[in-house]
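Given these sequences and hints, build the entire structure.
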Amino acid sequence: MLTVANWIAYGLGVYGLIGLIFALWFVILGVREAPIEGKAVILRLMLMPGALLLWPLLILGRKS
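Each number in this note's numbering corresponds to the 1-based position in the sequence shown with 252 added.
Hints in this document: simulated from the structure, not taken from any laboratory.
Ideal placement from N, C-alpha and C gives every residue a C-beta, glycine not left out.
Honestly, I wouldn't trust all of these hints.
Taking CB as the label site, the calculated pair distances span [unchecked claim]:
#1 M253 / L281: 17 to 25 Å
#2 I311 / L264: 33 to 41 Å
#3 A261 / L295: 31 to 39 Å
#4 P308 / N258: 21 to 29 Å
#5 L306 / A261: 19 to 27 Å
#6 L297 / L254: 31 to 39 Å
#7 L254 / L295: 38 to 46 Å
#8 A257 / G282: 18 to 26 Å
#9 W259 / L306: 16 to 24 Å
#10 L295 / N258: 36 to 44 Å
Listed below in structure tokens is the structure:
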């Protein structure tokens, strides 16, 4: 039987996995704004932690 702590750990793991997949997509293909286009890889790597943690907000705020 799973305890509450196990469910929380699994939930955080799933959230992190989805965030990692989204962050990779976001920094490789998703960021196409003029100020960042063609910039160094280090700048895109600096965006990864924020995109990983805030992926739900970035998905909801995305313009079509």
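The hints, checked one at a time:
no., hint, result
1, M253 / L281: 17 to 25 Å, "violated (42 Å)"
2, I311 / L264: 33 to 41 Å, "violated (18 Å)"
3, A261 / L295: 31 to 39 Å, "holds (33 Å)"
4, P308 / N258: 21 to 29 Å, "holds (23 Å)"
5, L306 / A261: 19 to 27 Å, "holds (21 Å)"
6, L297 / L254: 31 to 39 Å, "holds (36 Å)"
7, L254 / L295: 38 to 46 Å, "holds (41 Å)"
8, A257 / G282: 18 to 26 Å, "violated (34 Å)"
9, W259 / L306: 16 to 24 Å, "holds (23 Å)"
10, L295 / N258: 36 to 44 Å, "holds (38 Å)"
Against the hints set out earlier in the document, violations occur for numbers 1, 2, 8.
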